[in-house]
Amino acid sequence: MTYQYIQLAYLDTIAGDDPQLRQTLLEMVQAELSAAVPEMNQALEDQQWEELHSIVHKLKSTLAFIGNQELTTLNQDMLSCLEERNYEADFGTWLSKYDHLSGPIRKELQQELAN
Amino acid sequence: MIEDDVSYARLIEILLNESSLLSCEVVKRHTLNAGLEAMEAEEFSAVLLDLTLPDSTGFETLETMLHRFSDHNIIVLTGRVDKELGIKAVKAGAQDFMVKGEFDGDQLAKALRYSIERKNVLSRLEDAQRRAQIGHWECDPAGRYFYASKETYRLFDLDPAEVHFTCEDLQAPDSPFAPLMEIEQETKPNGAAKKDITIQTNSGQKRCLSLQCQAEKIGEDQYVYSGIIQDITERMQSEELKKAHDLAQQTAKIREQVLASVSHEMRTPMNAIVGMTNLLLSSSLSEEQLNFVNSIKQSSDVLLGIINDILQISALQNELIVFKNKQFSLLELTEQLKAVMRPKLGEKELIFQINLDPDIPDQIHGDQIRLSQILFNLIGNAIKFTDQGFIELNVRKALETDDHFLLQFDLKDTGIGIPDDKIESIFETFTRISSKDRITEGTGLGLSIAKKLIEQQGGRIWAKSEEGKGSVFSFELKFFKTDQAAQPLNPQETPQPYIDPDMPFTIMVVEDHQINQMVIQKTLEKQWPNVNIIMANHGDEAIEILNKNQEVDIILMDLLMPVRDGFETAAYIRNEMDGEVALVPILAMTAHAHISEDGKYHQYGMNDYILKPFKPNELFTKITYHLAKPQPK
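Those protein sequences? They're chains B and R, same order as listed. Here the first sequence is numbered in the working numbering, starting from 41 and rising by one per residue. Here the second sequence is numbered in the working numbering, starting from 8 and rising by one per residue.
Chain B on its own, in the form it takes in the complex (with noise of 0.2 Å):
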């Protein structure tokens, strides 16, 4: 199945022939990726930016399964400027921007783990 926002293909080779394991992985992914935003926006408004350059470090490798290129380059922008202690960047703008994109992203993981 060709989606708009998610390209499995890494997962995929990841998973080979293991169909629980994809199961598993894609659960994963989708739990976290739900957990992530709410999490950064709280440690945006803490400022609490260890806390944020934990969680957009973690999110880079399980990018990596959900294979959207926008979402990862949003990802390592942010944690580009969190590793200089670049605290003054529109981090506010981004995770609106993440936030408008891991909703369809989302739905889409759904989609295949309903498949």
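None of these hints come from the bench; they were simulated from the model. Keep in mind the model is a prediction, meaning the values are calculated, not measured. C-beta atoms are modelled at their ideal positions from N, C-alpha and C, and glycine is treated no differently. There's no promise every hint is true.
Selected chain R positions facing chain B (in silico; Cβ < 7 Å) [what the hints assert, rightly or not]:
#1 His520
#2 Ile522
#3 Asn523
#4 Val526
#5 Lys529
#6 Leu567
#7 Arg571
#8 Ala598
#9 Pro620
Chain B is already provided as a structure; the job is to place chain R on it using the hints.
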């Protein structure tokens, strides 16, 4: 014009103004002191000097003037009865003399012109002498005449503006010009003499002077002398240096010949000692005897190594080494080196890594034995001077043509480094960097042999170092392509990942990210069913597991983790833990694409890295590579 007769001075001015041969302005002063003051204030092309003035008379007037202004163009005006005085004045340093009432305007103008030109020529001559450091002098003892150029004064460390020697001064027993008098005496038998002398300058330095003098006989035991004097200090120093250098080279050559000769004579009995020791070792021995024989064996091996080094450097210096050109595997060569070096590396718990650029073909044409020897010497040297940290060999293609490659080898260590003033000499024979708190083994020939082996194959070697931080020794060597050149050395391609399926092994994964934990576990288990995976969520957990004597063959270490991150954990394992666990290979797992640039993972004791999200084949290859179990052929 210094002339007390106002009318006469005015007359001279009118005569000069009327002459078409010279255009000049005449400044008139009526006493010697007024004239000297004017000369202090202004520079004149010529000075017309009357010798009889209200404040000075006769020859003293000229002497006073010359004492103050020895460089100036002075023309003396004398009366008709004082012609002899005029001649004496010229000998003393005046440019000319003119007899009052015996010249008209044009004659005076001509005389002034000639004197100005003559003075210019003399100035240029003085300048040339100063630049060439050559002076000249003339002496007529009978006529009580002596003249020395300014450079002559300077060569004797005298200031020509301050001192002016007369013939009488010259004959004084403590005269600095005594050497001139001496050589003048030496010219009498043959009319000429030449000699070199050394004087001490006021600043205490030695100055070498070459003197040449000629004597012209002008009467019974009467001579006029003229001579030149030249500063030859630099020439003498350079000749002395050359002599010392030639002597040193000759001594070094003799020393090396003697060493080579002695070593050659020693090698045969040494080989017998080593051979017999090996036979003894294979015989039945008590534990004590075995220890004794092992000591003999170790010392014999060291001694044989030294003998071989000396013989080899001698052969290299005489260009007697013939280089072979055969096909060999670079990967096999480096793996063999790694195996040979492992005990020495283990003694110091040093991390050693070899990184071959993937686009280098495995099979290349060149002198395998000599390349091994070069690398053996360089790595051995690096181990000798590195007490902790790592040694890393990187090999890359510096150039590729249709038929050959130029490979660059960079050997990096975290050793004691080399002081800036020693870096130039480290490749010289028998050179060892001395350190008060370190005893250096060996002959000091290793780097010299490596350099000669490289250069005699058309390559080059160089080193960079920072004292206290480490060194990088680099060399370039040409290798020819083989028919199998298209086969890349890429460790992802060849050798294929291979771990004996019958041999279980354990991988510890230190990772806090659950998805990554699962992915790594499933990926590894799929590849190696015999693998045992231990999962730790952070560094402290990993250390706790390792402290329980859990045997682990390799550790995959995430870098950014809670509680204790990967860097600190790796450093703890390397520095605080004992036994084999401190040497276990650690691969950093990171999402930072630039990790290789700063080498931080190396500094903390990790052997290699894997980029996340990882490619399964890359993970397998790196694990296989570090478990050092190459695929059997």
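Taking the hints in turn, this is what the structure says about them:
1. For R:His520, the shortest C-beta to C-beta distance to chain B is roughly 5 Å, which falls under 7 Å, so the interface hint holds.
2. Checking R:Ile522 against chain B by beta carbon gives a least distance of about 5 Å; that is within 7 Å, so the hint holds.
3. The beta carbon of R:Asn523 is positioned within 7 Å of a beta carbon in chain B (closest approach about 5 Å), and the interface hint is therefore held.
4. Hint status for R:Val526 relative to chain B: holds, with the closest Cβ pair at about 5 Å, below 7 Å.
5. A hinted interface residue such as R:Lys529 counts as satisfied when its beta carbon comes closer than 7 Å to some beta carbon of chain B; here the least separation is about 5 Å, so the hint holds.
6. Using the Cβ-Cβ criterion of 7 Å, the hint placing R:Leu567 at the interface with chain B is satisfied: the shortest such distance is roughly 5 Å.
7. A distance limit of 7 Å between C-beta atoms decides the matter here; for R:Arg571 the minimum to chain B is near 14 Å, and the interface restraint is violated.
8. Taken as an interface hint, R:Ala598 checks out: its beta carbon lies about 4 Å from the nearest beta carbon of chain B, inside 7 Å.
9. Contact between R:Pro620 and chain B, as hinted, is supported at the beta carbon level, the nearest pair being about 4 Å apart and thus within 7 Å.
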